[in-house]
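Take each chain as given, in its own frame, and dock them per the hints.
The lines below spell out each chain.
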Amino acid sequence: MLILDELKRNDAQLRLVAAMVALGLFVLLAGLWWVQVVSARKYQSHLETQAYRTVRVPAERGKILDREGRVLAENAPSYNLNLYLDDLGSDFRKEYAHLRPVKIVTNSPPFWKFWSRAKKVTKQRARLDSDQVDALAWQARYNVASKIASELSSDMGEPLKVDPADFKRHYATERAMSYPLLEDLDPAEIARFEEHYSSGLPVDLEMESQRVYPYGTTAAHLLGFVRKDDSSIEGEEAFFDYRLPDWRGVLGIEGGYDSYLHGHAGVESVLVNNLGYRQTANVWSAPEPGENVVLTLDLDVQRAAEQSLLAHRGPNSRAAIVVMNARNGDVLAMVSSPLINPIYNSNSPAYLADEKLKPQLNRATQQNYAPGSIFKPIVGLAALEAGLDPNALVDNPGYVYVGRRHITDLAEPGQYDLKKAIVHSSNTYFITIGLRTGIDKIVRMAEKFHFGERTGLTTRQETRGIFPSLKEVNSSDWHDGDSANICIGQGAMAVTPLQMAVAYSAIANGGTVFWPRLVERIEPQDPSTGETSTDYPSGLVRDRLGVSQHSLNVLHDAMLAETVEGTGQAAQVPGLKICGKTGTAEVMNEHNVRIDRTTWFASYAPYENPKYAVVVMVESGTFGGPTCAPIAHDIYEELLKKDPTIANVAKN
Amino acid sequence: MVDPSINERGGRVDKLQLIAIAGLMFLGAMFVLSATAAHQPDDLPWYDEMWIRQIIWYALGSGAAVASCIISYHQLARWSLIIYWGMIVCLVAVLIPHIGSTHGWGARRWIDLGPFQFQPSEFAKLAFILALANFLSRPVDELRIPAIFWKGIGLMMLPFALIMKEPDLGSALVLFPTGLVMMFVAGTPKRYLLKLVGGIAILCVLFVADVIFAPRALQIPIHEYQRQRLLVYFGASFADKNSTPEQKAEARRLQEKSSYQGKQALISVGSGGFWGKGWRQGQQTALSFLPAGAAHNDFIFSVIAEEEGFVGSTIVLTLYAVILFSGLRIAGQARDRLGKLVAVGAVTLLFSHVFINIGMNIRIVPVTGIPLPLLSYGGSSVLCSLIALGLMQNVYIHRKGY
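These protein sequences, in sequence, are chains D and A.
The numbers in numbering that gives the first Met the number 0 rise by one with no breaks, and the one at position 220 of the first sequence is 219.
The numbers in numbering that gives the first Met the number 0 rise by one with no breaks, and the one at position 220 of the second sequence is 219.
Careful, some of the hints might be misleading.
Said to hold, decoys possible - Cross-link-like lysine-lysine pairs, in silico, BS3-like; alpha carbons within 27 angstroms at most:
(1) D/K167 x D/K227
(2) D/K41 x A/K262
(3) D/K167 x A/K247
(4) D/K576 x D/K641
(5) D/K62 x D/K93
(6) D/K610 x D/K418
(7) D/K41 x A/K276
No lab work stands behind these hints, which were simulated from the structure alone.
All of these numbers come straight from a predicted model, not from anything done at the bench.
Looking at chain A on its own, in the form it has when it is part of the complex (with noise of 0.2 angstroms):
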């Protein structure tokens, strides 16, 4: 599968993906401190500051980034399965009061490690890619066993469920992408994927439509807040039919206060116009309209958006975009299925990440709390994103296996 002209060209480890990779650590800091400066209080020490500390997690990431190639693939591969149901433990002691914490949000989703917090449900996704590469990369014959399927989908609905339980939608979500691309891959027959993917969709669809239409005691059990963020998107009114006007006035009170955050991205990221208004001169942040507690992660995007304009997007895009193709041709030239599961996977894993962040800052998709990578602030998500590329830099260093 390998051709030898590429092997030429050598090379220890893929240059151009960490050219990009370093490209969108620099924004990180600089825009988490551009979001972050005008609510620090003047007080804090310098390695408290926001961006330090990003940096910090940046320097600590890559790290673990450069630790996840040492070993090659295939040793971790040995280790997947453990390294999952490890993951696995984690995700239910999470939902356990007293272990998981809740950070004062609705959802239980950081494990309290004293002087920092680990958030198992990004690891978890690790795992997962892992675990279904290892999984997967057994002859494509044996693919072809429905049993074989069905433990595939097993190995994706676990963790899936554990952390709807959280809950976290967002995160959840993205496993699905990530194992059925990693599936269609590995040469899963394409009939068991459609289907999949069909009753997926019918599932999806009579999921939407029982929220938005249905009336209440009908409802399928969901947090309040998911509800009202996919009635949001959909434009559909909190109030029911038959409710009174003081309902309905409260019910649009209702609506303006969760339309919120994604009203105010929306306007950040629309009033960068083309040039933007120039780094640290947003003033969606400086004024608060974007929540202080939301712009420098999960809306990181909207304040490059806004102080550097569609030039800024133009360049963040491209960075991602040199980061997954350039994990596409990692796949293309891995030595085995296993790693070019692996680094398909990585890639599934950070596009849809990409694509989710940065579609609900535009509204293409509900708000979901889900991190940008390598740019939204936050330890977790940093880390993973870098383990994920280190992955990749793995298959491709191990590239040749003799």
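Looking at chain D on its own, in the form it has when it is part of the complex (with noise of 0.2 angstroms):
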């Protein structure tokens, strides 16, 4: 090389100096190797570290809808006054150099600067420490942002405040995130707001998803609610900087299915500078909208079912209603009282604190009641499979004896049969025969029907009943005395009324236990993306009662006489033959004391080919023919005039 050539000539120290700024030149380049090759990606994750926020952006909620089609929840934007701090930084140091104190000293220049234009009076910013700044810079953010809030308020005619401990939790925590200075604005604030928007101020109107509830409180127990949670679910990138609000399903079918209304959040990237404010913002992935979950639910029975309700008990009625398709085992309406709001917050805390009513309770599938009679032509199957004579007369003196213990029938002393016994609801006979069948063989009819077993709702919302299995009927500690409450339908068992729309539609369609279901598909939100929706089977069989026709007919028969002739006679609909019997069990408490009665009437019609299955349950009524058999009238008059093929062709 040229430049060292020349210096080999000369002498010995320039050359050792040469060597030096040679070593040193060489000694940066090889730290820059270093840095800028070797650790070059450690700095720049670094860098992104630093610079880039990472924000979850919800996906749109699916829809609940209803077997027709009709939207039971869906989600309405709702508007957000929000102010943009990083549009503020200038106004900030304004307002920081405004409110620093200024001491104000007096000198006279030194005589060789006569000719500066230095002043004789000059103003000096004071010296403050680190904590005071802090102070003083937060005071100067809050001055700023109270100002642009009260300006706002003359704007939108109403007073706007900031909350200092909100403001500062979101300015520590969201600072690349704009902050909310009015939540949830009505039109009119929108549409006063679009008018005074050229006042220049860096706020903007921001959408934010609300879940919504056309009907209301219609079904609300089975819709079940969601609340605001902005966490990852399963499959989503884990770590977020900043989270923008979105919805998970807590119960009921917003919780149940909640993986499929959900949908993918998406990712948005935001660029921030040293102070933590939003530069640019792009989207690395958009977020997937969930599916729609199209329930099983027929809108028009369910509310016919919930305005009968409410007309025959009015609204603090502690009730539950189950209409299903016996010939598949589809839920048509699930109503339970007393209502609750979908939108939780928007009940009352005393309200869903109260104890009596527990309206946060679905009474279809979460409470376990004591069926009492209505369990009676459980009984009888069995009995009649076990080879009992229906027309075989049993006598009724007005009481029955198990061991020393009396058991009074509210039906009238007589003989009775089958038929007679279900059309009065005899005790005696139903324990007699229940005693001479044998509980082992009561207990494995029941076990077909599964009762003391889930019915795999995924709402969340379901108790399993109680039912004694074939080992504690068997052991020691049964006493006759409990067989007897079982032939009853009292004492060591409890269903839900779902449970027994199962079992009635199960006697209804001729021995075949279905499965309940309730949603009947998940389908994409937009059809047009060609992703393909999931149906769930209809009729799925869960079990066969593997009875005889016979069996059955005889069962059906004594159940119409139960409507036409027997307690059951309210629930009548002209043009249309309903199987029904009514019960009314007593509530014990711990003392053995009657404190209560639970009021049922289980059904299905029509008579010549069964098809729809209604069970009506109300607490505290009087008895199951007069409190449930006119809600169940009102069901069948609203079944028959959807699906007028039930209708009792003979008849018209």
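Put into structure tokens, the structure is as follows:
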């Protein structure tokens, strides 16, 4: 090299200096190689962590529809008035400079500065320690924000306030995001804002998605509710710097099918500066909208059931209704009372906490009840299958002794066959034939109905009910008295109205026990995406009773008689033959003292070729006949209107 | 000492060095623009934009460099003592309130001259080179006399102490290598220099050890920010061993704060990678992670390194290498020891700046406020660098004394 050649000829000192310079430059080059080439990735990721913030952008939640496509739950935009902090940096600085205490110093400039522009009176910024600087900077930010809020107040015609603690929290933790000044604007407020928007303030409307239920409290227990929850679901990025508000289903369909409704949140990356303010944003992955859940529910039937319950029993009744397609187990209506607002927070806490009403409970699936007399047909079925002659007479003296226990019979004394025993709900008859049949056979029959087991709902609101096992009834602790209780639907057993609907459907349809179906299919929100929908099979058989059609026909006839001439007459609908059974179960406290009654009407129709099962349960009713049957009547009217094929052709 | 063959090559100026200087000035203007564009107010008149002002400084500096070539360095050397003492007066003056200005920073480094400020420590370095070269150009035999040696040291220590007082540790420290190399090249006996270097090294080690390990009461009083920078560089904790958890947390916060610039510079340089992100595409300045007040002057190298990557860094280093080695060649070709010493002094001064500045960007040396010659924004630095280069060319031009 030219330069080095020159140096070779010169003296040793210069050569040494040249060598040291060369060494120094080489050290720098090596250092740069290390930093820029070898460790480049490390510093690039440092840069990313300090300059990028990821934001979780929630997906649009799927709708919940009834079987005819009517919307039971959907999303509606709500608007917030947001303040953009990233546009306020210079305002913050100005306000800070303005707030900063100033010392006024008077001094004469030294003579050699006569030409300078120095003033005699100068302002000097006071020295502040770092705590004072922080406090002052915070005060400046708060002043700017509340000044904007008050300017907006006059435009919006309502006072806007910035809560210092909330603003501080937002500034500390979500600086790259805009700050909501006013949430959930009504249309008038939106209009006023749009009108005054020219004011040039760094604010704008931002949309937020809200869950709405167009039919209000209809089917609210079944739909469940959502709560604000922006955490990541499985399969999503777990770490986000910021999260936009999102909803998560907690109970009911919203809870049980949340993984479908929820969709997949998207990721937005926000580039921030050293102060954490937003610079630019771009979408890394777009959110995938959630899927719609189509229920088997029929809105008309559901509403008819709710309205009937309301009309007969008032808003504070504690009751449940289940309407089921007896031929396939589809749930057409599921009512629980008292009603609850599916927008959880609009229920008053006192109401939600009410110990007696327990409005949060879905009484159709979530509460154990003694079935009382509506269990008798199942005992009868077990007896018939064991060889009972339905026409054989049992003498009813008005009471029955089991061991030394005296059980009164509300049916008047006389000779009873099966039909008469069902129509008059004779305890004596069913205890007598039940004990004669043997508790084992009754338990085996009940096992085929799957009492004491869950019906497999995914709504997170189900109790299994209670039923003794064969092992229990064969143990030495089990007495005839216990068996007698089972025979009349009392004692060591409990059911849910849904279980009873499944059981009556099985009696109605010739012996098939279905899994109840609540959800017909999951379908994409936007059909044009070409995604396929998932159908849940209808009529999924859980078990077959394996009983003779003859036994069932005996029950059909007996239960038809119940609504024609018995206690269930109030259920009658002209043109429709209804089979039913009323029930009134006693609710005992721990001292075996009656404290309440659970009244029932369990039924199915039409008699000729049963299609629908209707179970009505009212707590604290008088008797199943007067309390529950009229409600079933209204439901059957609606069913007949919707489905004229069930009408009694012979009669018309 | 001068090889006849070189004279035949002729040429009034060292063209290669001029090309490298022009290249650096071009880069300087480009990257001052890149470093400041994002943070200038929109209504700033064009002539107030930093990069335009930098170009104006280049023009003024080039004028000053040409001026310093016109008079032979022999003439300049004759005035060197007067210039030296003049600068000493300025350095004293800058310490007096009302004359010296702090610019809002902690240190009193500037003299306010109305429209612009003047930083005497920069010019003091040049005056020091001239004066020491003049002093050392006496016959080699005289350099063996201890009194002469100590006088030379005194010549170095006086501006050193005054600049330290401002305080401006970086500017003060570059006087050491400059002075030592000049003494070495002048022919000062090695034993003196070895003793001197050894002494300084021991003092440095003791000083650093004192700052890091000694309890507060026994520490040499230096400015808190200097102490912190040293602690950051050596990775030592700010907190005393027996401090409370709150004090430790506070110390950690403080440590974060004082290591911030160095850390951000390192992220800028490192994230540039091999090819860089492209001119004006750097994020670190645009997002203000590199402080807007420092990116275009002391940390201009990290802006270049981020935007142009290792390739850009290598180009910058190459340009400096050309300037430094051609400077050493000029020293070799100088017609006398005075010229050689002036050239070597200028080379060492520039090299020290380059090494410390780039070194602090990649954490080889602690963060000190020292500009990168010709690239950093700033009038005093640009003027001094160009005058120093002018002095080299002066030596080159006047290498033929006949």
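message = Holds or violated: D/K610 and D/K418, Cα atoms, limit 27 angstroms.
response = Holds - the C-alpha atoms of D/K418 and D/K610 are around 22 angstroms apart, at most 27 angstroms.
key: Pairwise hint evaluation, D/K93 against D/K62, where the allowed Cα distance is 27 angstroms at most   = Violated: D/K62 and D/K93 sit about 49 angstroms apart, past 27 angstroms.
message = Given the hinted pair D/K167 and A/K247, is their Cα-Cα distance within 27 angstroms?
response = Satisfied, since the Cα-Cα distance of roughly 25 angstroms is no more than 27 angstroms.
ask   = Is D/K41 close enough to A/K276, meaning Cα to Cα at most 27 angstroms?
value = 16 angstroms, holds
key: Hinted pair D/K167 and D/K227, Cα distance within 27 angstroms   = Measuring from Cα to Cα gives roughly 22 angstroms; hence the hint holds.
key: Pairwise hint evaluation, A/K262 against D/K41, where the allowed Cα distance is 27 angstroms at most   = 13 angstroms, holds
query = Is D/K576 within 27 angstroms of D/K641, Cα to Cα?
reply = With a Cα-Cα distance of about 16 angstroms, the restraint between D/K576 and D/K641 holds, given a limit of 27 angstroms.
When held up to the earlier numbered hints, the structure conflicts with hint 5 and nothing else.
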